[in-house]
Amino acid sequence: MRYLYYPGCSAEATGKAYDISARAMMDKLGVELVELDDWNCCGATSYFSVRELDSFAIAARNLAIAEKQSDEDLCVICNACYTTLAKTNRYIAESTEVHEAVNGALGAVGREYHGKKAVRHVMDILVNDIGLDAIADKVQRRLTGLRVAPYYGCQYSRPMGDFDDPEFPTTMDRLFETLGAEIVDHAGKVKCCGGMMMLTKEEAALRLCHELLKGAQDGGADLIVCACPLCEMNVEGYQPRVNKAFGTNFDIPVMYFTQLVGLALGVDPKQLAIDKQIVSCERVVAAIPA
Amino acid sequence: MAEQKIAVYFCHCGTNIAGKVDVDKVVAWAAEQPNVAIAREYKYMCSDPGQDLIKQDIQEHGIDRVVVAACSPTMHEPTFRKAAADAGLNPFLLQMANVREHCSWVTVDKDEATEKAKRILSAQIHRLPFNEALEPIEVPVNPAVMVVGGGIAGIEAALKLAATGKKVYLVEKQPSIGGHMAMFDKTFPTLDCAACILTPKMSAAGKDPNIELMAYSEVVEVDGYVGNFKVKVNKKARYVNTDTCTGCAACLEACVVRKVPSEFDQGLGKRSAIYIPFPQAVPLRATIDAEKCLTLRGKKCKQPCTTACGPGAIDFEQKDEVVELEVGAIIMATGFELWDPGQDARYGYGRLDNVITSLEFERISNASGPTGGEIVCKNGEPPKTVAILHCIGSRDLNHQEHCSRVCCMYSLKFSHLIKEHLPETEVYELYIDMRAYGKGYEEFYRRLMDEGVHMVRGRAAEVSDVALAPEEEGRLVVKTEDTLLGIVRRIPADMVILSSGLAPAKDAKAVSQTFGFGCSANGFFLERHPKLEPVSTVTDGIFIAGCCQYPKDIPDTVAQAGAAAACALALVDNPTVKVEPTISYIDPEKCCGCHICVGLCPHVAIQYNEELKVAEVITAACKGCGVCVAACGSNVPQQSGYLDDQIFAEIEGAMAL
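Just so you know, the sequences run in chain order A and B. Count the first sequence with the numbering used here and you get residues 516 to 805, in order. Count the second sequence with the numbering used here and you get residues 6 to 662, in order.
Since the hints were derived computationally from the structure, they do not count as laboratory data. Keep in mind the model is a prediction, meaning the values are calculated, not measured. For glycine and all other residues, C-beta sits at the position ideal for the given N, C-alpha and C. Accuracy of the hints is not assured; some may be wrong.
What the hints assert, rightly or not - Straight-line C-alpha distance at most 25 Å; calculated PhoX-like pairs for lysine-lysine:
#1 A:K729 <-> B:K484
#2 B:K583 <-> B:K172
#3 A:K602 <-> A:K583
#4 A:K716 <-> B:K172
Stated by the list, open to error - Derived CB-CB ranges, DEER-like:
#5 B:Q518 <-> A:L714: 37 to 47 Å
#6 A:E609 <-> B:A526: 15 to 25 Å
#7 B:E106 <-> A:L714: 53 to 63 Å
#8 B:E467 <-> A:E609: 50 to 60 Å
#9 B:L402 <-> A:A760: 30 to 40 Å
Extracted from the complex, chain A is given alone in its bound form (with noise of 0.2 Å):
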């Protein structure tokens, strides 16, 4: 299996952890990631708001680039740039307009973009492609007893539900259960984590923040997991301010998916990238049993 591999700015920052854990995972999984030429920053969700078309320019780019280079899907970890580059598919797809005013901006670097690029969430692959079986199969160590909090974040299925209901996602509830863990149902799993509120109007992000870390730590949860590293900085490093806001005395461990995966499939700690996360994940990673 073989997949064109679309890593994201975050993937070379904040979000290295993603990155390394997601390439980590799936090699263990006997899955090749290719990593895409030179590619450019999806132009995240916020730009659409300011400049349509550039906005699909520069997603469209990178589709261009990886219809040229192989025929694989686009695999992709973020959720801001899975969003972004599926929904510049759909609209290129969709209408004739968007598509010839998209390769009109992208005639002028000498490239054309034909609609033919799948774009998949490394989520979609994990269950749909590679299957749940298959992965309980290749379980070292089962997530017995411990008790993990989905958090799906707003834009992994939304608004289009390509590969799971866009209002109350459930891969992630089902691939962890086949892991052994148990599914800590909490009111915050699609909520939005306040994004890039959190630079601009702190106290609304750190509101929304607060929300979903009560209700996983109320339903016991042992730790959160991400599926986009906006969302997984926002809840993991701001739960000091949210403590010093709101009286609160939160320390609940968060990781991506990938890294818990990662953990279940037998890959070793360092390798995910576990002690790169803020509040240690120590007592996680010794709970569950070898």
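For this one, chain A is given, so just place chain B on it according to the hints.
What follows is chain B alone, placed relative to chain A:
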């Protein structure tokens, strides 16, 4: 072909057609066409003076063919054909050119609309010389009527018809008639007890000598046509002899399988495997649930029901029985389903305790319900705060676009019942718009405001169990925007009632196909005309009443049921009915007897004559669908009114410009 005199009439339909089409231009063009003797325009052709134009021209100018360019033939073809007949012209020598629905209403550009109108008209001018005079076929009418569905709509229609002396078959798929209304506690806005006003009608329907009640039965096949339907009904096995069962309920007490969720109580109460859905059931007879009964599942059971039954009515050998009935008319009253709020995860139904549907609340507040009428949460405690969320699954482009019409009022009724049972309890109504449109409804709304119910204008965003403040601990929290205050609110509550919308029954589409009519885009049964024929369907002789057509409250349902009964009576009270002569004919000289049409005819209207070795059309059974015409390899079957010459001439006319 002899010289013909065609008259063309172009209707303005006020500005409906004339606003888009240059009528003068089209009429001037039409006057120049071959065979056209007269071309006129008029503001409203369907009015009396409009029809008189046609009659005068036929009588005074010897017109022998007519085109009316106006609305859809489903609207006014009968009107104009009758006018032609009154003036002595065979009605089948008149054609409609639909320049409204097919042209002016759907074309933006005026010049394009004018050109299109010409083509549509040209098609009919070319066709008319090939039209033949046809005589309607008169067939006898069976005076019996079938009513499908035994809720308040079906019961009302059946009683009204039975009162005229007609035989009525009332078919209900559940073990008892009564429908949703039987589950309700009170009715808005008068607060009449639902059972008190419904059970006398149920009982009357059960006893009426003219009504043959067929509960626990379903229609499996419908054949025939107006005045002469043949309906196959499957009487499902109850495993209880309904002639000897007295409804004493001794078997219910004896049954060892006791924890089956009761459908009637919305799963909140329990029943046994042998059961009577509710104490006022009609017919008051026991039914064995074959999926739960140990004996019928092939497991060991001492069969205490058999021991307990005095009259010996239990019969494990009973089988489904299909009976064929003949009726002249059918009334569909198959009702609705509550929209399943589990489809919208934000409201927590199915995940969070004490988030309940409106129908569940009806049962909780009902004195004969699972809590004996005590309004309590799952832990048995009365709620200190209740939030009622309107428009769940209604007025929502993600789910159902339509307004379900009854939810605002039943929600207000709930508020009243809560205040009546628990005066100290706070009640919040979260609404988008308060639609209190019926008689006494606005007054009821005002009364509820006086009773101290908190009205919050805003669609609820979410129900959560994450407490962010001390008063929220251990409770549900409803998040909403209060659009009158312009703020986002968190309302802590102990019970949340989801006022779910009304949805079409899951099998509505399949049922509509069995009976041969259609569904609207929203999934409810399609009426023939939304304003003027709201109880008819496109199939002559089949009528609709109640929520199977669209959500409506009890007064509107009862009124529509009466109207459907009157329409059915107007049909079956006649000894005969005229049916369209546009049916197929097979020339025995040309038929090679290949059988293709025999097997394809969906109405079993073609039989094979063994003696002559040819296929023959049974005139009374043919519905003129044209399948045999299209299928025959030798082009033998021909359908009157749709002959090849006529169709080709029509196409030629449309393409001539």
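Original post:
Within a Cα-Cα threshold of 25 Å, do K729 (chain A) and K484 (chain B) meet the stated pairing?
Top reply: holds (16 Å)
Original post:
CB of E106 (chain B) to CB of L714 (chain A), is that within 53 to 63 Å?
Top reply: holds (57 Å)
**OP:** For E467 (chain B) and E609 (chain A), compare the CB-CB distance with the range 50 to 60 Å and indicate the outcome.
**Re:** For E609 (chain A) against E467 (chain B), whose Cβ atoms are near 30 Å apart, the range 50 to 60 Å is violated.
**OP:** For the pair supplied as a hint, K583 (chain B) and K172 (chain B), confirm whether the alpha-carbon distance does not exceed 25 Å.
**Re:** Holds: K583 (chain B) and K172 (chain B) sit about 22 Å apart, inside 25 Å.
Original post:
Does K583 (chain A) lie within 25 Å of K602 (chain A) when you go C-alpha to C-alpha?
Top reply: Holds. K602 (chain A) to K583 (chain A) sits at ~20 Å (cutoff 25 Å).
**OP:** May I ask you to test the hint 30 to 40 Å on the CB atoms belonging to L402 (chain B) and A760 (chain A)?
**Re:** holds (37 Å)
Subject >> Cβ distance range 37 to 47 Å for Q518 (chain B) and L714 (chain A), holds or violated >> reply: At 58 Å between Cβs, range violated.
**OP:** Below or equal to 25 Å on CA atoms is what counts here, so check K716 (chain A) against K172 (chain B).
**Re:** violated (74 Å)
**OP:** For E609 (chain A) and A526 (chain B), compare the CB-CB distance with the range 15 to 25 Å and indicate the outcome.
**Re:** With Cβ atoms ~22 Å apart, the hint holds.
Checked against the numbered hints above, the structure violates hints 4, 5 and 8; every other hint is satisfied.
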